[in-house]
Amino acid sequence: MTMTEFLIVWLTCLATMLICRCVPIFILKGRDLPETLRNALNLIPPAAFAALVANDLFSPQMFASGIWPGIIPIIAALIVVVVAKTTKSLIWCAITGVVAYALLSLI
Amino acid sequence: MQKKDAVIQALKAALPVMVGYVGIGIPCGIVEHQIGMNAFMAFVMSMTFYSGAGQFMIPNMWLASTPLASIIASVSFVNTRQLLYSAAFSPYFEKVAKRLTFLFSATVTDESFGVNMAKYQEGNWSAGRATLVNLFSMTSWGVSNALGVLVGSALSIPTAIAAFAMTSIFICLLMGQNASIENIFVAAVAFIAVCVFKVIGLTGPAILLGALCGVGAGLVLMAVKKQ
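Protein sequences appear in the order of chains Y and Z.
Quick note on my numbering: the first sequence kicks off at 94 and runs consecutively.
Quick note on my numbering: the second sequence kicks off at 127 and runs consecutively.
These aren't lab readings, by the way, just hints derived from the structure by calculation.
Wrong hints could be hidden among the right ones.
With a Cα cut of at most 16 Å, we get these calculated EDC-like pairs of lysine to aspartate or glutamate [to be verified]:
| id | chain 1 | residue 1 | chain 2 | residue 2 |
| --- | --- | --- | --- | --- |
| 1 | Z | 221 | Y | 125 |
| 2 | Z | 352 | Z | 308 |
| 3 | Z | 352 | Y | 128 |
| 4 | Z | 351 | Z | 308 |
| 5 | Y | 181 | Z | 248 |
Reference listing, derived: stretches of chain Y covered by chain Z, where coverage requires no fewer than 3 residues with Cβ under 8 Å from a Cβ of chain Z [unchecked claim]:
| id | stretch |
| --- | --- |
| 6 | 134-146 |
| 7 | 156-164 |
Cβ atoms here follow ideal geometry from the backbone N, Cα and C, with glycine treated the same way.
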């Protein structure tokens, strides 16, 4: 990748990223929003977290190299669910998740 | 003293994300090195564009000889989910100055959105602390990317395993949500919708579209319950 190509990719991606990151908050902040929109904003966190988890765990090719490699992340995820319920700690969830995933990959 | 407390609180909140970013930032730097980016370029990109998914996509697509315009379009498409995060934070920034709002919103990622949103929902969180969480996380990401470029392929980190730290963080944040009927329904619909969008080939915007389906379904449920 040449310097010019790098600059093109960097600056255009940065521009679209800044639009997505900054425009909605400036449009919505400080406004008296209708109730439905306020409800919608409150529903974003559970929707986004579930979407992020689904995106990480699921892909159409997940069983391409056998059932087991596709199931490993799901088992590790279930272990993390238990840890999340009991500890409510991000760092413990991250540690358990990575260790569980690594150990299951060894089997 | 209060300022110092705020910094410590923000650092504590950001720590899981910062550690996770070392795990995926170094492998990201390694692929950036493969397409000829130097440590400075990787650092600058990480401290401005600041996107894990995006910064993995750019080298991978470049190595697959994808045209520049397609790379830019695909990366931008994937990052449209940021629109939702930005909107979700707006009620908490009603009285926050424009400059701080800009600095905060320009540095939100999936992970820092999650951590800050959970803190705001608990109460007792401020725009200053939230922005510090973003900046701490971003610095960890930037340094790790530069480090990845410098070590090149001398170090091998299994990316799939390291990336599972992030998945685990999202699972913890999801479990931390209030277990109301609406939230459970919203999460279930969003989860299934993401899977469906990926199966039909809409992988890029799957997170945004799936989350929107979840929010839409939740609004419908609320309307039905009202009647």
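So, going through the hints one by one against the coordinates:
1. Z:221 to Y:125: holds, 13 Å
2. Z:352 to Z:308: It holds: about 12 Å lies between the C-alpha atoms, which stays within 16 Å.
3. Z:352 to Y:128: holds, 13 Å
4. Z:351 to Z:308: holds, 10 Å
5. Y:181 to Z:248: Distance ~13 Å between residue 181 (chain Y) and residue 248 (chain Z) Cα, so the pair holds.
6. 134-146: holds (count 12)
7. 156-164: As far as the stretch 156-164 of chain Y goes, the hint is violated, because 0 residues have Cβ atoms under 8 Å from chain Z.
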